[in-house]
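Engineer: Model the placement of chain F on the given structure of chain X, informed by the hints.
Going line by line, the protein sequences match chains X and F.
With the working numbering, letter number 335 in the first sequence gets 335, and the count goes up by one each step, no holes.
With the working numbering, letter number 20 in the second sequence gets 20, and the count goes up by one each step, no holes.
The set of hints was computed from the structure by calculation and includes no laboratory data.
Worth double-checking, as some hints may not be accurate.
Claimed, not checked - Which chain X residues stay away from chain F? Per the calculated CB distances, all over 10 Å, these: (1) Trp-116; (2) Val-128; (3) Leu-189; (4) Arg-241; (5) Pro-328; (6) Leu-369; (7) Ala-389; (8) Met-461; (9) Asn-464; (10) Ile-532; (11) Lys-549; (12) Leu-557.
To be verified - Between beta-carbon pairs, the in silico distance windows are: (13) F:Thr-65 / X:Phe-344: 41 to 51 Å; (14) F:Thr-65 / X:Asn-537: 50 to 60 Å; (15) F:Lys-134 / X:Ala-28: 49 to 59 Å; (16) X:Ala-172 / F:Gln-139: 36 to 46 Å; (17) X:Gly-554 / F:Gly-45: 46 to 56 Å.
Quantities reported herein were computed from a predicted structural model and do not represent experimental measurements.
Glycine included, every Cβ here is placed at the ideal spot set by N, Cα and C.
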Amino acid sequence: MSVNMNTDEAVVLASARGAFDQDWRKVANWGLICAFALIFVSLTDMPDKLDKRVIVEPLLSMGYLSLIWIPIALGNLVTREVVLEGMTQHKKGVRELVAGLSVGAIGGAGLALLIWLLDTRDLSDPLVNWNDALLEVLSFGEGVGYGAIFWILASAGLGLAGGALHVLPTTANRLLFAISLTIVLAASLESALDDISEGFRLEWLFEALFEKKGGLSVQGAIILAVFAIAWVLVLGGQAKRGRAAVTARRELSPTKVNTVGLAIIAVAAVVLPMFLGRLTNDLFTNVGLFLLLALGLNIVVGLAGILDLGYVAFFAVGGYTAAIMTSPTSPGLSPELPWWVAIFVVVFMAIVAGLFIGAPVIRMRGDYLAIVTLGFGEIIRLTVRSDWASGFTGGAQGILSIPGADIVGVATVKGTDPQQVLYLVIGFVAIAIYVSWRLENSRIGRAWMAVREDESVAEAMGINTVNSKLQAFVVGAILASFSGAIFAAKVGSVFESSFKILVSIVILVIVIVGGMGRIAGVAAGALVLVGILGGPNQPGLLAEFSEFKLLIYGALLIWMMLKRPEGLIPNVRRSRELHQEEFLQDAWLKAQANDDDDEAASGEVAPA
Amino acid sequence: MSEAGDSPTPLLEFRGINTHYGAVHILKDVDLAIYPGELVCLLGGNASGKSTTLKTLLGMVTPTTGEVVLDGEVVNDKPTSYRVERGVTMVPENRRLFKRLTVKENLELGAYLRNDDDVESDLERIYEMFPRVKERLNQKSGTLSGGEQQMVAVGRALMAKPRVLLMDEPSMGLAPALVQTNFELIQQIHEEGVAIFMVEQNANMALSIADRGWVLQSGRVVLDDSAEALLTNPELRASYLGDGNR
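Just chain X, with the same shape it has in the complex:
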């Protein structure tokens, strides 16, 4: 849950402070935050709705997990100190435990208050989840008094545990973190693991770990915990060393590609789909479709710095063009082209749309540009739905019976066969990654970055800023239209409702969460967000979460912006810049100390 600052040798370790030597104001603040968080999560109905998704069979469900992490995390955070050089760091001890305990207890009291109110008042009018089912879950069906006391004690205990993380040695912390991560991850991936284990003939392993009705069995959890411990103790050090080596090499030559890693990924991309079941193949297909979109948007936003909030427009252009060109039942125009011919029309239309939308938009900057793109995204969708265009697009009825994608001379990809579609998607993703990578290190890519950094100066260097921004827009449009064309072939129909503004937002969130301007980051973002939580209309692994998807997206986005603005897999350069302030602060303190020494030694003030 939290990472302990490693105690540097330069930091002076003073003696532990007493139990009541607290910043009580801070403790109260964090306690109130804890209480509000618990009440808020309860009122979103997560505890009730997710109760059926079990993590460890009789012990823990996702519903309760949505509550219990809060006191642990906040009980830990309350005494967290950012240690800068030159600061005195106190020894951790009973003080941290008391603070965590207090925070948890205050939070639990908040939840107890909610339980009491749930029982006595009816606020179901504004708060739709204010109902008996929630009360039932929170009080375990044992009555209000039991529930209230249970939560105060439990929350205090969890807060204490959170505080205790400060006191425990680093290895223990790491072990606990690894165990909880392994168990929660395994439980989240349950359906995918089920699917994969069938492909690899490992059903026996799956059955050993998971209960039949869902969730890990107790013995399964123990096996995983042992596995996690072994992993940390045996491989932990090596993994860390490996990562350090990779980072060091990347700093030396940022554009160099890790050939071994690339080869492994390539082989996996070819071999893995054969072993995956329907569900996992379908899941990866969705991830791939969004990855394709995110790679395109990454060029537009990440490289050229054009904040396009209407990117879904190009996805729609690709989907509808492919549908009209291939479907025998498309109204108006119905050339029934084979898919591989239609893809050329799709690219052409994407270029036209990119220029058409780009030309007026590109002359604007910053906020204005974002708002205008937002408008164009909706304009395209509403045009498709309008009476005027419905002669070609089918309006709200959409276009149906789109045949699969046939690849000339090689194969016919049926939308109903997820494995074939996955191969198609992988092919296009590979193209997109190659194109992104080549462009990033090209003259055009450098011009994009210059425009992103400072448009006027880029112009003064002789870069045609309008042209290069248009190029970025068009490349992005083409990649999105590929995704749209595959989407149409996969689903077999297109409706305007698949191209709502939410899609634009999700793609942007993928790019931001993953790490703007970095291909691996975008891939990680697509995998985590679309694969686990699900896309705007596509279920992810945590299908039960679909109701809370946007809430979690939003929370994740805020957290990322505050704590890790460089994304999950950061661009090394960018991360250094974003954390510059901290470095500078350290450097400044160091310099101050040196200056003081110098002045004392020479007794002379240096000229300004």
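Structural biologist: Only chain F this time, still in chain X's reference frame:
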């Protein structure tokens, strides 16, 4: 006036330039001429039109009337890139490096329009000129100190192989000790044969190294003389130079 004035065609010239921002009249009938290899400076108070002059020279602002002439050719409707290709380059105010790009990338972007084979050897020349820059090639330019950033900004402009360097307030925001070094650097570039057109607030220092100068007041050229004459001009002394101005 100065010896350079005898050479037949100016490198860059303003003929009766008027520039408007919307309805606001910025430059009023401005005539300027920069000859090859000269070091000239443009003085003037705030909002007198100095930066607009630079932007008009570089083509980032289009004049309403009058002609911008480069090598005897009227370039009013030619884009910035056309002028950069023909040797007009700017060092922008406050250096304005591409902060998130490395020093090397900044330098390479300076040579964006060049496709000759000398780019590498020119990079080497810049490293020789600024050994400090070479040490920091893979560092992000935003993390450099003010003085180092100035070196990169000048290096970036030199990478375009300029014949005339337009410098917008080169000493602005630099520590006093660095201002002197900076002017020495400008002189050094000038001695290598690059014409320099510099907009500067630090009038005393600018005039002490310049051949010629203009004084701009509310968009009009009010004084046009040799640097020595301007330095002793009582009117100018009263309004700009004052006494004790560094």
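Engineer: Does X:Leu-369 sit more than 10 Å from chain F, CB to CB?
Structural biologist: holds (19 Å)
Engineer: Report holds if the minimum CB distance from X:Leu-189 to chain F is greater than 10 Å, and violated otherwise.
Structural biologist: Correct as stated: the minimum Cβ-Cβ distance to chain F is 36 Å, above 10 Å.
Engineer: Could you see if the CB distance from X:Gly-554 to F:Gly-45 stays within 46 to 56 Å?
Structural biologist: Taking Cβ atoms as reference, X:Gly-554 and F:Gly-45 lie about 51 Å apart, which means the hint holds.
Engineer: In terms of Cβ atoms, is chain F entirely out of 10 Å range of X:Met-461?
Structural biologist: violated (5 Å)
Engineer: Within 36 to 46 Å: is that where the Cβ-Cβ distance between X:Ala-172 and F:Gln-139 falls?
Structural biologist: holds (39 Å)
Engineer: Taking 50 to 60 Å as the stated bounds, is the beta-carbon spacing between F:Thr-65 and X:Asn-537 within them?
Structural biologist: Holds, since F:Thr-65 and X:Asn-537 (Cβ atoms, about 58 Å apart) stay within the stated range.
Engineer: Confirm or reject: X:Ala-389 is not an interface residue toward chain F, with every Cβ-Cβ distance exceeding 10 Å.
Structural biologist: Correct as stated: the minimum Cβ-Cβ distance to chain F is 38 Å, above 10 Å.
Engineer: Please verify that the nearest CB of chain F lies beyond 10 Å from X:Asn-464's CB.
Structural biologist: violated (6 Å)
Engineer: Is it the case that X:Lys-549 keeps its Cβ farther than 10 Å from each residue Cβ in chain F?
Structural biologist: holds (32 Å)
Engineer: Minimum Cβ separation between X:Val-128 and chain F greater than 10 Å?
Structural biologist: Correct as stated: the minimum Cβ-Cβ distance to chain F is 46 Å, above 10 Å.
Engineer: Compute the least Cβ-Cβ separation between X:Leu-557 and chain F, then decide whether it is above 10 Å.
Structural biologist: At about 22 Å from chain F, X:Leu-557 clears the 10 Å cut-off, so the statement holds.
Engineer: In terms of Cβ atoms, is chain F entirely out of 10 Å range of X:Pro-328?
Structural biologist: Per Cβ check, X:Pro-328 is outside 10 Å of chain F; nearest 50 Å; holds.
Comparing the model with each numbered hint stated earlier shows that hints 8 and 9 do not hold.
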